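Engineer: Please build the complex by placing chain B on the supplied structure of chain A, with the hints as guidance.
Number of protein chains: 2
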Amino acid sequence: MARIYNFSAGPAVLPEEVLKEAAEEMLDFRNTGMSVMEMSHRSKAFEEIIGEAEKTLRDLMHIPDNYKVLFLQGGASQQFAMIPMNLMKNRAADHINTGQWAKKAIAEGKIYGRINVIASSEDKTFSYIPDLKNLKISDDADYVYICHNNTIYGTKFNDLPETCGKTLVADMSSDILSEPVDVTKYGIIFAGAQKNIGPAGVVVVIIREDLITDDVLPGTPTMLKYKTHADNKSLYNTPPAYGIYICGKVFQWVQRLGGLEAMKKRNEEKAAVLYDYLDSSKLFKGTVAKKDRSLMNVPFVTGSEELDAKFVKESKAAGFENLKGHRTVGGMRASIYNAMPIEGVQRLVDFMKKFEEENQ
Amino acid sequence: MARIYNFSAGPAVLPEEVLKEAAEEMLDFRNTGMSVMEMSHRSKAFEEIIGEAEKTLRDLMHIPDNYKVLFLQGGASQQFAMIPMNLMKNRAADHINTGQWAKKAIAEGKIYGRINVIASSEDKTFSYIPDLKNLKISDDADYVYICHNNTIYGTKFNDLPETCGKTLVADMSSDILSEPVDVTKYGIIFAGAQKNIGPAGVVVVIIREDLITDDVLPGTPTMLKYKTHADNKSLYNTPPAYGIYICGKVFQWVQRLGGLEAMKKRNEEKAAVLYDYLDSSKLFKGTVAKKDRSLMNVPFVTGSEELDAKFVKESKAAGFENLKGHRTVGGMRASIYNAMPIEGVQRLVDFMKKFEEENQ
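For the protein sequence lines, the chains are A and B, in the order given.
Every letter in the first sequence is one number past the one before it in the UniProt record's numbering, and letter 282, counting from 1, is 282.
Every letter in the second sequence is one number past the one before it in the UniProt record's numbering, and letter 115, counting from 1, is 115.
This is chain A alone, in the form it adopts within the complex (with noise of 0.2 Å):
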């Protein structure tokens, strides 16, 4: 069978470059006559995988020199509680609630302290972000927390609260690599790699050296120390050395295709494609308010269950895969990632076109 378009939320499409390499490398890697997959994590070659691919990240994120690159387990539900259990000195943290992953970082972080939610936007089913301004930062918070991109709801932050010298700790899962960032802003970045960098397993962890010690909350496991794995290279114990190899190809085809800004700029014109026809659809429209548009999740919906429900059907049939609405929201949506071709969303926008005229 011929590749599909495949528009899920994540796990998600990857290059198909990355993975031709990946399977034209699988037998034996570079010439050491075996799999990166029966490779010594303490070995030359992948130390140099591993290495290659932070070198990668960190060029293309201009991540300074301060700042840690960890590859670690667990994804970013594990990190929900890693950010407690390193970070709160004083038990307290602020958090803006955007969704269905800010709300179980806040679950998670009610397990070690007091959470106070300074901003929500629950009341309109995530559709918006709140406003950032004039946000009352706790005196005592230890960081102040967004989910960056709401993957479910399809909003992103395009400004940043103001956390009067509070750190800032962001949950870029959906949208890390989809434009340049700057850094130095967070105090942590973290992101599951199986949305924008590469299989699920592995969680990049961007984290500033003085947010590093060995003060962590009491009963905290040593995996779940940031110091055990920035101490170690990220290999305290034997990394997801597979998945780790993978993110390093898709840094190195992000930054053949030009970088983050090159990135930005195909991620713009690939997500105006679909909100340009949603805006002009009489059948489908966005749900999202227009100025916190992701670039990466589109929901929409026709109005009517039974016509979300049709077009799901037809377009499954015509090769667009996963593109049923998360039940919190219903109707559809597009998980239009960096390595989602341009072609794929006009060639879904042509059969959301057709399916318009055919049932008027």
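Among these hints, one or two may not hold up.
[What the hints assert, rightly or not] Anything over 10 Å on all C-beta distances counts as not near chain A; from chain B, calculated:
1. 58
2. 82
3. 160
4. 209
5. 242
[As the list claims (entries may be wrong)] In silico DSS-like pairs for lysine-lysine, Cα to Cα no more than 25 Å straight-line:
6. 310(B) with 185(B)
7. 104(B) with 185(B)
8. 225(B) with 225(A)
9. 44(B) with 313(A)
10. 233(B) with 324(A)
11. 227(A) with 110(B)
12. 44(A) with 324(B)
13. 103(B) with 233(A)
14. 316(A) with 44(B)
15. 110(B) with 89(A)
16. 89(B) with 110(A)
17. 20(A) with 20(B)
18. 44(A) with 310(B)
19. 55(B) with 265(B)
20. 44(B) with 324(A)
21. 103(B) with 227(A)
22. 227(A) with 225(B)
23. 103(B) with 225(A)
24. 313(B) with 354(B)
25. 104(B) with 233(A)
26. 310(B) with 104(A)
27. 227(B) with 103(A)
28. 104(B) with 225(A)
29. 44(A) with 313(B)
30. 104(A) with 185(B)
31. 227(B) with 110(A)
If you're looking for bench data, these hints aren't it; they were derived computationally from the structure.
Every value quoted in this text rests on a predicted model; they were computed, and no experiment measured them.
Yeah, the Cβ is synthetic: ideal placement off N, Cα and C, and Gly gets one too.
Structural biologist: Chain B alone, transformed into the frame defined by chain A:
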């Protein structure tokens, strides 16, 4: 370059046919038009992959219905914390100290409670398994912990400790699937995948249902509760999907070879090729008490550091990789996991014989 003989202690050699299948399916898994890496973990295709993997493992190990099989992240190192966090009601456990990984579990356990080391072989560099008769099991021990096969030292538990009714927990990272195991004797069996099962980044946990509760230590992260993963069939969050897919292929490969009885026979024959030679050699000798020899990891020395170094260097040049022993034992170590073909061991022995002749 041709595939080499890879004697790495882990990540380690995988069956070549598994790698070939993975390469072939990389861009299009079973006519889905996508790679397993790109697949939603909520999709039917992935549910089949993880379901098949679990089923095959259950068949191979005869895992009873009152045990759950979990595919988790964080490796054995994270289990060292998860076990006390989930099992310690009295804040006490009995451990047998048989080497570095046993010691790491002891150190991590001490974060959470009182660890009694009820037997140890540290006096002789862990070259044997301690006497298991007349162990003083603590009245309040929540469990008894062993490391079933000791990767670094090349020892293996051929008998199990009498636990006086206490739950037995075993780290089987380096010998799972190497021979039949009576699962009912254990409360928990866990194994990092990267030796006998698949790629790094997956840890398999086989756990008796009564040990899965909400009654965990205060401050246990959601991701570190067995119940979180058991209730969600390892799909609470995005699992290490590609790794699980490869594990499933390895399980099927073991099944095609005849299951664990056949694997045991194969492993005994394979290990005998090396041990018989070591016992007859005037230059090389094994470092482990004969009755406690591992079928998976075979450390040996010449008695001369200089000759050891020469052997490691020349063996590498001849296409035998990763034969250098762990720094705490010195000398050499051949890890001959399930996927190492017997020809690899025969060739190694031929090479050792030649080396012995040349260095009399």
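Engineer: Hints first: check each against the structure and report whether it holds.
Structural biologist: We went through each hint and held it up to the structure:
Residue-level check passed: residue 58(B) sits 23 Å from the nearest beta carbon of chain A, beyond 10 Å. For residue 82(B), the shortest C-beta to C-beta distance to chain A comes to about 8 Å, within the 10 Å cut-off, and the non-interface label is violated. Separation of residue 160(B) from chain A is adequate, the least Cβ-Cβ distance of about 26 Å exceeding the 10 Å criterion. Separation of residue 209(B) from chain A is adequate, the least Cβ-Cβ distance of about 23 Å exceeding the 10 Å criterion.
Non-interface call for residue 242(B) relative to chain A: violated, since the shortest CB-CB distance, roughly 5 Å, does not exceed 10 Å. Distance hint between residue 310(B) and residue 185(B) is unfulfilled; the C-alpha atoms sit about 44 Å from each other, more than 25 Å. For the proposed pair residue 104(B) and residue 185(B), the alpha carbon gap of about 23 Å is at most 25 Å, so the pair holds. The straight-line distance between the Cα atoms of residue 225(B) and residue 225(A) is roughly 17 Å, inside the 25 Å bound, and the hint therefore holds.
Of the pairs offered as hints, the one joining residue 44(B) and residue 313(A) holds, with about 15 Å between alpha carbons and a cut-off of 25 Å not exceeded. Between residue 233(B) and residue 324(A) the alpha-carbon distance is near 23 Å, which keeps this suggested pair within the 25 Å criterion. At roughly 19 Å between alpha-carbon atoms, residue 227(A) and residue 110(B) fall within 25 Å of each other, so this suggested pair holds. Between the alpha carbons of residue 44(A) and residue 324(B) the distance comes to roughly 14 Å, so the proposed pair stays at or under 25 Å and holds.
Pair hint residue 103(B) plus residue 233(A) holds up; C-alpha atoms about 22 Å apart against a cutoff of 25 Å. A distance of roughly 14 Å separates the Cα atoms of residue 316(A) and residue 44(B); the hinted pair therefore holds under the 25 Å criterion. This hinted pair checks out: residue 110(B) and residue 89(A) have alpha carbons roughly 23 Å apart, not beyond 25 Å. Of the supplied pair hints, the one linking residue 89(B) and residue 110(A) holds, its CA atoms being roughly 23 Å apart against a limit of 25 Å.
Annotation: proposed proximity of residue 20(A) to residue 20(B) holds, straight-line Cα distance about 14 Å (limit 25 Å). As the CA atoms of residue 44(A) and residue 310(B) are separated by approximately 20 Å, the hinted pair is consistent with the 25 Å bound. Taking the CA atoms of residue 55(B) and residue 265(B), the gap is about 23 Å. The hint holds against a cut of 25 Å. Taken as a hint, the residue 44(B) and residue 324(A) pair is honoured in the structure, with Cα atoms around 14 Å apart against an allowance of 25 Å.
The straight-line distance between the Cα atoms of residue 103(B) and residue 227(A) is roughly 20 Å, inside the 25 Å bound, and the hint therefore holds. A threshold of 25 Å between alpha carbons decides the hint, and for residue 227(A) with residue 225(B) the separation of about 23 Å falls inside it, so the pair holds. Simply put, residue 103(B) and residue 225(A) have alpha-carbon atoms about 19 Å apart, close enough for the 25 Å limit, and the pair holds. For the hint linking residue 313(B) to residue 354(B), the alpha-carbon distance of about 14 Å falls within 25 Å, and the restraint holds.
Between residue 104(B) and residue 233(A) the CA atoms are separated by roughly 19 Å; this keeps the pair inside 25 Å, and the hint holds. Restraint check for residue 310(B) and residue 104(A): not satisfied, since their Cα atoms lie roughly 56 Å apart, outside the 25 Å limit. For the proposed pair residue 227(B) and residue 103(A), the alpha carbon gap of about 20 Å is at most 25 Å, so the pair holds. A hinted pair counts as satisfied when its Cα atoms are at most 25 Å apart, and residue 104(B) with residue 225(A) qualifies at roughly 15 Å.
The hinted pair formed by residue 44(A) and residue 313(B) meets the criterion: a straight-line CA distance of about 15 Å does not exceed 25 Å. For a cut-off of 25 Å, the pair hint linking residue 104(A) to residue 185(B) is broken: about 37 Å separates their Cα positions. A C-alpha spacing of about 19 Å is found between residue 227(B) and residue 110(A), which places the hinted pair at or below 25 Å, so the restraint holds.
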